[in-house]
Amino acid sequence: MNRIHEERKLLSAFLDGELPGDEYRRVQAHLESCAACREELESLASVKRVMSSAPRRSAPGDLVSTLQRRYRPLPERPWMERLKERLAAPRVWVPVGALALAALAVALLFGSKEEEIPLEPLLAAHSRYKAESWVPHGDLLAANFSAEVAREYEK
Amino acid sequence: MRSKAACAALLLPTLAARAICAASPDPLELLQGAAAGPTTAYEGHVSVIRWFGKRTRAEEANVFFSPPNRYRWEFIAPDGSPERLVVSDGKKEYLSLPHQGKLLCGDAVKSSPKPTEPDREFELMLKNYRVTLSGAEKRVGRAVWVVEIAPHVRGKPTQRVWIDQQTNVLLESGRFWDKGAFAVLSRYTRFEPKESLAEELFEFKTNPGTEVDEHGLDPDYLSFEEMRRATGKTFNFPQTLPGGFVFESADFFDVQAQTVRQARYTDGLAALSLFQTNRPVRPPKDSGPEAALPPHPGDFGLASTGHVLRFRRGGLYYTLLGDVSEELLSRIAASVK
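From first to last, the protein sequence lines stand for chains H and Z. Using my numbering, the first residue of the first sequence is number -11, and each one after it goes up by one. Using my numbering, the first residue of the second sequence is number -10, and each one after it goes up by one.
One or more of the hints may lead you astray.
Stated by the list, open to error - Listing some non-contacts, in silico: residues in chain Z with all C-beta distances to chain H over 12 Å:
id, residue
1, THR105
2, THR121
3, ARG131
4, ALA139
5, LYS183
6, ARG217
7, THR223
8, THR229
9, PRO269
As the list claims (entries may be wrong) - Distance ranges between label pairs, derived from CB positions:
id, chain 1, residue 1, chain 2, residue 2, range
10, H, ALA91, Z, ARG301, 23 to 31 Å
11, Z, GLN245, H, ALA88, 21 to 29 Å
12, H, LEU89, Z, ARG44, 33 to 41 Å
13, Z, PHE224, H, LEU89, 37 to 45 Å
14, Z, GLY79, H, ALA91, 53 to 61 Å
15, H, GLU142, Z, GLU189, 26 to 34 Å
16, Z, GLU49, H, ALA91, 30 to 38 Å
17, Z, ASP209, H, VAL84, 45 to 53 Å
These are computed hints drawn from the structure, not numbers from a lab. Glycine included, each C-beta is placed from N, C-alpha and C at the ideal position.
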């Protein structure tokens, strides 16, 4: 860490007499041994002298009231009015509309299919019942049941 | 002399026909014998061909049977590899699907009695079908009786069965429509009666840790009232349907967390299922083009088990399945209020 720069940061406060006693003495001791910081201090002092000698102008008397009038907060509008205004903005409706259309397309393509019950278990249940019937080809029907069940797992 | 010869020539065919008739069995008894199941063990090879719409599905299987009710069906893929295996010890049936990595089980077919007695079902069949003996033929080198079962009403397939004279096993069975088009044809291409078969053929051995799933499709035989109590739904299904079908039993099961309610009807030979669901059922994925019919109450499709008709009534969805014509299925659907 560079101590020179630490004291240099305190030069402005040193010049204005705002440093506490031990800090003031530390900067003062440093200035005795550091030519660069003395030069910086002189520069700061000359700027202060120039600023102090510049003529001063007084602010208009109505400045505060004018600023208060100009920048006072707007009255609170009803939330419904604000919501309507936001929803009326095209930047809201364009993406919302696009999303709705995409959702509708997905629902048309896949939605109705997903809701349907697969037919295969019904075919298998029907075949299983048929195999129990009094029929001379019951073994064939029993075999058909296994085929329907197998098809159920083909997905 | 000449007149005597002429008389004899006239009488001989009549006498011969009478002799054949006297030797011919009753077709009803033949059917009853076939339906009761064979009393002999056998093994063989079966080919099954199904026609639905413009599509055909063929399957080949090695079959083993041991009385009273043990069976093994080894379905073979075209490359000769096992496609699925059905094994039953008479109580449990295992269904192995090696390609899908699935092993399922359930009650063996005919392991528990149905509410409708075989005699009652037989009477119903006689009411709806005409059973005749067509003759005697040969199948896979064996003598068979040919029995034809023709429906009294239009819209049902005619069935013809070739019954082995020695064992009562159906060596061939065909179901076909008015114009002669087959719906299903199954036939043994090899058949060998056996004194007995190895026990292990009918035992399904699983490795430790093998996951066996219940397929959950074992039929229960509920009345409408029992199903109403079980599912909390009231059913207005009719007791009888056009085409001679009468209500036999009801059942329900779950598919994708949806309860499917099933009412089963029979005409003594063909079975019909009426399913009720809260959501629509997907149409058959491999159905043929839909037929151009007069206005009907729903959408038709074709599956390997027969025609499928889906319709909606009172906010509920119905699916009718049966091996009957679309016209008859349509009339049946119209009777469901």
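Each hint tested on the structure:
1. Not every beta carbon of chain H lies more than 12 Å from that of Z:THR105, the smallest distance being close to 8 Å; the non-interface claim is violated.
2. Non-interface status of Z:THR121 relative to chain H is upheld: no Cβ of that chain comes within 12 Å, the nearest being about 15 Å off.
3. With 12 Å as the threshold on Cβ separation, the claim that Z:ARG131 sits away from chain H holds: the shortest Cβ distance comes to roughly 16 Å.
4. For Z:ALA139, the condition that its CB be more than 12 Å from all CB atoms of chain H holds, with the nearest at approximately 15 Å.
5. Every CB of chain H lies more than 12 Å from the CB of Z:LYS183, the least distance being 16 Å, so the non-interface label holds.
6. With 12 Å as the threshold on Cβ separation, the claim that Z:ARG217 sits away from chain H holds: the shortest Cβ distance comes to roughly 19 Å.
7. The beta carbon of Z:THR223 sits about 21 Å from the closest Cβ of chain H, which is more than 12 Å, so the claim that it is off the interface holds.
8. Remark: the non-interface label on Z:THR229 is consistent with the geometry, its nearest Cβ contact in chain H lying 17 Å away (cut-off 12 Å).
9. The beta carbon of Z:PRO269 is not kept farther than 12 Å from every beta carbon of chain H, the shortest such distance being approximately 5 Å.
10. A C-beta distance of roughly 26 Å is found between H:ALA91 and Z:ARG301, which places it inside the suggested range of 23 to 31 Å.
11. About 28 Å separates the C-beta atoms of Z:GLN245 and H:ALA88, a value consistent with the hinted range of 21 to 29 Å.
12. Judged by the Cβ atoms, the range 33 to 41 Å given for H:LEU89 and Z:ARG44 holds: they are separated by roughly 38 Å.
13. Distance hint for Z:PHE224 and H:LEU89: a CB-CB separation of about 42 Å, consistent with the stated range 37 to 45 Å.
14. Separated by about 55 Å at the C-beta atoms, Z:GLY79 and H:ALA91 satisfy the suggested range of 53 to 61 Å.
15. Distance hint check for H:GLU142 and Z:GLU189: the Cβ-Cβ separation is about 30 Å, which falls inside the suggested range of 26 to 34 Å.
16. Checked against the hint of 30 to 38 Å, the C-beta distance between Z:GLU49 and H:ALA91 comes to roughly 49 Å, which is inconsistent with it.
17. A C-beta distance of roughly 51 Å is found between Z:ASP209 and H:VAL84, which places it inside the suggested range of 45 to 53 Å.
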